[in-house]
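Undergrad: Start from the sequences, fold in the hints, and give me the full structure.
There are 2 protein chains.
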Amino acid sequence: MGWCIIATWKFSLAGITAAAKLVGEGGSSLDAVEMVARYVEDDPSVESVGYGAIPNVDGEIELDAAIMEGDTLSIGAVMCVKGYRNPVSIARRVLEDTPHNILVGRGAEDFAARKGFEKTMLLNCQSIEKWLEKKAEAGERLKKGLDYKVPMGHDTVGIVSLDTLGKMASATSTSGTGMKLGGRVGDSPLVGSGFYVDSYVGGAAATGVGEDIMRCCTCFYAVELMREGYSPGEAAELAVKKTHKRLLEKRGRVGNIAIVCADNKGNFGGACNHQGFEYAAASHNCPPRVYMVTPIDG
Amino acid sequence: MGWCIIATWKFSLAGITAAAKLVGEGGSSLDAVEMVARYVEDDPSVESVGYGAIPNVDGEIELDAAIMEGDTLSIGAVMCVKGYRNPVSIARRVLEDTPHNILVGRGAEDFAARKGFEKTMLLNCQSIEKWLEKKAEAGERLKKGLDYKVPMGHDTVGIVSLDTLGKMASATSTSGTGMKLGGRVGDSPLVGSGFYVDSYVGGAAATGVGEDIMRCCTCFYAVELMREGYSPGEAAELAVKKTHKRLLEKRGRVGNIAIVCADNKGNFGGACNHQGFEYAAASHNCPPRVYMVTPIDG
Numbered sequence: 272m273g274w275c276i277i278a279t280w281k282f283s284l285a286g287i288t289a290a291a292k293l294v295g296e297g298g299s300s301l302d303a304v305e306m307v308a309r310y311v312e313d314d315p316s317v318e319s320v321g322y323g324a325i326p327n328v329d330g331e332i333e334l335d336a337a338i339m340e341g342d343t344l345s346i347g348a349v350m351c352v353k354g355y356r357n358p359v360s361i362a363r364r365v366l367e368d369t370p371h372n373i374l375v376g377r378g379a380e381d382f383a384a385r386k387g388f389e390k391t392m393l394l395n396c397q398s399i400e401k402w403l404e405k406k407a408e409a410g411e412r413l414k415k416g417l418d419y420k421v422p423m424g425h426d427t428v429g430i431v432s433l434d435t436l437g438k439m440a441s442a443t444s445t446s447g448t449g450m451k452l453g454g455r456v457g458d459s460p461l462v463g464s465g466f467y468v469d470s471y472v473g474g475a476a477a478t479g480v481g482e483d484i485m486r487c488c489t490c491f492y493a494v495e496l497m498r499e500g501y502s503p504g505e506a507a508e509l510a511v512k513k514t515h516k517r518l519l520e521k522r523g524r525v526g527n528i529a530i531v532c533a534d535n536k537g538n539f540g541g542a543c544n545h546q547g548f549e550y551a552a553a554s555h556n557c558p559p560r561v562y563m564v565t566p567i568d569g
Numbered sequence: 272m273g274w275c276i277i278a279t280w281k282f283s284l285a286g287i288t289a290a291a292k293l294v295g296e297g298g299s300s301l302d303a304v305e306m307v308a309r310y311v312e313d314d315p316s317v318e319s320v321g322y323g324a325i326p327n328v329d330g331e332i333e334l335d336a337a338i339m340e341g342d343t344l345s346i347g348a349v350m351c352v353k354g355y356r357n358p359v360s361i362a363r364r365v366l367e368d369t370p371h372n373i374l375v376g377r378g379a380e381d382f383a384a385r386k387g388f389e390k391t392m393l394l395n396c397q398s399i400e401k402w403l404e405k406k407a408e409a410g411e412r413l414k415k416g417l418d419y420k421v422p423m424g425h426d427t428v429g430i431v432s433l434d435t436l437g438k439m440a441s442a443t444s445t446s447g448t449g450m451k452l453g454g455r456v457g458d459s460p461l462v463g464s465g466f467y468v469d470s471y472v473g474g475a476a477a478t479g480v481g482e483d484i485m486r487c488c489t490c491f492y493a494v495e496l497m498r499e500g501y502s503p504g505e506a507a508e509l510a511v512k513k514t515h516k517r518l519l520e521k522r523g524r525v526g527n528i529a530i531v532c533a534d535n536k537g538n539f540g541g542a543c544n545h546q547g548f549e550y551a552a553a554s555h556n557c558p559p560r561v562y563m564v565t566p567i568d569g
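Note that the protein sequences, when read in sequence, are chains A and B. Note that the numbering used here has the first sequence beginning at 272, numbered continuously upward. Note that the numbering used here has the second sequence beginning at 272, numbered continuously upward.
Honestly, the hints are just simulated from the structure, not real lab data. The structure presented is a predicted model; accordingly, all values stated were derived computationally and were not measured. Certain hints may be false.
Identical copies carry no separate label here, and so any pair may be met within one copy or between two of them.
[Claimed, not checked] Derived DSSO-like pairs (lysine-lysine); straight-line CA-CA distance at most 30 angstroms:
| hint | residue 1 | residue 2 |
| --- | --- | --- |
| 1 | Lys536 | Lys521 |
| 2 | Lys386 | Lys406 |
| 3 | Lys406 | Lys513 |
| 4 | Lys438 | Lys536 |
| 5 | Lys516 | Lys401 |
| 6 | Lys292 | Lys536 |
| 7 | Lys513 | Lys386 |
| 8 | Lys401 | Lys353 |
| 9 | Lys516 | Lys438 |
| 10 | Lys292 | Lys281 |
TA: What follows is the structure, encoded as structure tokens:
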């Protein structure tokens, strides 16, 4: 049976390559999406996920992650977790070991500690330098409180996988936008907005300005389009177009939005509303590689 | 022009009555939905929202709330906030005063303090008695850690309003399920799951087992059904039916789910998959009253 795995951004290629081997040899989608997220979380060169990310306005790194299983629609998510390097794995424990779907903040950290996760330092020299630089830029406005424009960084890792048993899964992991307010959460850990997967159909995962993506539940909508018969590439494109158009109409502006989709046959695709979006993918008939995406006509 | 306001559960009637007067006299939907949520938050007889709620497993009351504006799809939400009585009003400040949509935990509390909200005691004697009683019931299982069945209380207040200018809004507020794990968040503050509103179409708000509602993004789906031409009552029924059926197929079980819907003409309706669900509503041609809902055919 066909399989595939797809994830946002070029930085996912190493994880996709390892996870393609896992899934190709019969491993599960749930293990595969967690593996890709962990690769990116552990990579200090990625400034927007896990270790070495750009801190929030208070100089702290707060992480969000989620994981979803497409056979049962089981969900695990954590938001605003400090001091743990692999929030996707804490999210998986929420999915597997609790009657809940979401734990946030201190509750999620206490849970991680009870589950034996190791408390660690997420800051590195690069995080600190970036933070000092951005703080100097924000300057006087920051001193006055909230009245400054938060830069909208958005390189979330979002993953969808189909395994050889036909099971699908999705995951996301992010540190959110650098210099965000303490406690800010975007779309990534929100089911239907940052991710969605149903093994009957397919899955989707998003990256971009979380505040905008959640206004249109872009990933749930993309999966509904696949349910109606659209291919993953068509569904991704239509979902991004609808989100883009609706936000322009309603708000007169729209942030960067990109999604990746895969169906339960092993087809995949992506779409975006801005230059420069790439994703990494592999399947039963495509070796791991990076794909550059042409933006939709705005 | 027509107006309406609808909210989950009988306990919303006092708030609906006050908000109907506000909207009927030209007040805004955003003010109206906030008003209804505040009425319920302040009511100590409601064990599942605001002051006097049943605490989590650690004996703390953690509140979630959200507010959404249907013209611009602007969102404000807070999750897991301790020590503030009216989380819906903090959510509104997130919507109006920040570039973000969601603040959680400590970050949300610090934000509330900066905005001048008064720190208060959410526990009352009733909360404490209920907690001691439930803790005794959980007994030995609790001592062993997480391995006990969390009771799934679910009386969230969820509100949708249309004002005489044609603007719509939605809000939710909840303390979540009593004896939940610390940090647990359900569907209520999650856009698309606990609430959704688009002034071009209509809005929806949910109450029930949040873990199940979010698996199907029930409120976003209901609004999409109204976009296709279904009435609020039909959209509510179809959305609850789909959620119920899909979860039975996928998981073999489904919790209590109920939603209320209103469209941009002033029509409203509700649906549920269990006995005993009531909502309160009023419109330009219906005085404030409580409606009992017949469950869908499971």
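Undergrad: Each hint needs a verdict: does it hold in this structure or not?
TA: Against the structure, the hints come out as follows:
Taking the shortest Cα distances, Lys536 and Lys521 sit within 30 angstroms of each other only across copies (19 angstroms), while inside one copy they are farther apart (36 angstroms). Taking the shortest alpha-carbon separations for Lys386 and Lys406, only the inter-copy value of 22 angstroms comes in at or below 30 angstroms, while the best intra-copy value is 35 angstroms. When the C-alpha separation of Lys406 and Lys513 is checked against a cutoff of 30 angstroms, the pair qualifies neither within a copy, at 35 angstroms, nor between copies, at 48 angstroms. With identical chains, the CA atoms of Lys438 and Lys536 are at most 30 angstroms apart within one copy only, with a shortest distance of 11 angstroms there and 43 angstroms across copies.
In this assembly of identical chains, Lys516 and Lys401 lie within 30 angstroms of each other by CA distance neither inside one copy nor across copies; the values are 34 angstroms within and 49 angstroms between. Proximity of Lys292 and Lys536 under a CA criterion of 30 angstroms is satisfied intra-copy only: 18 angstroms inside one chain copy versus 55 angstroms between copies. Taking CA atoms no more than 30 angstroms apart as the test, Lys513 paired with Lys386 passes in neither setting, with 41 angstroms inside one copy and 35 angstroms between copies. With identical chains, the CA atoms of Lys401 and Lys353 are at most 30 angstroms apart within one copy only, with a shortest distance of 18 angstroms there and 32 angstroms across copies.
Taking the shortest Cα distances, Lys516 and Lys438 sit within 30 angstroms of each other only across copies (20 angstroms), while inside one copy they are farther apart (33 angstroms). In this homomeric assembly, Lys292 and Lys281 come within 30 angstroms of each other (Cα to Cα) only inside a single copy, at 18 angstroms, whereas the closest approach across copies is 55 angstroms.
In terms of the numbered hints stated before, the structure departs from hints 3, 5 and 7, listed from lowest to highest.
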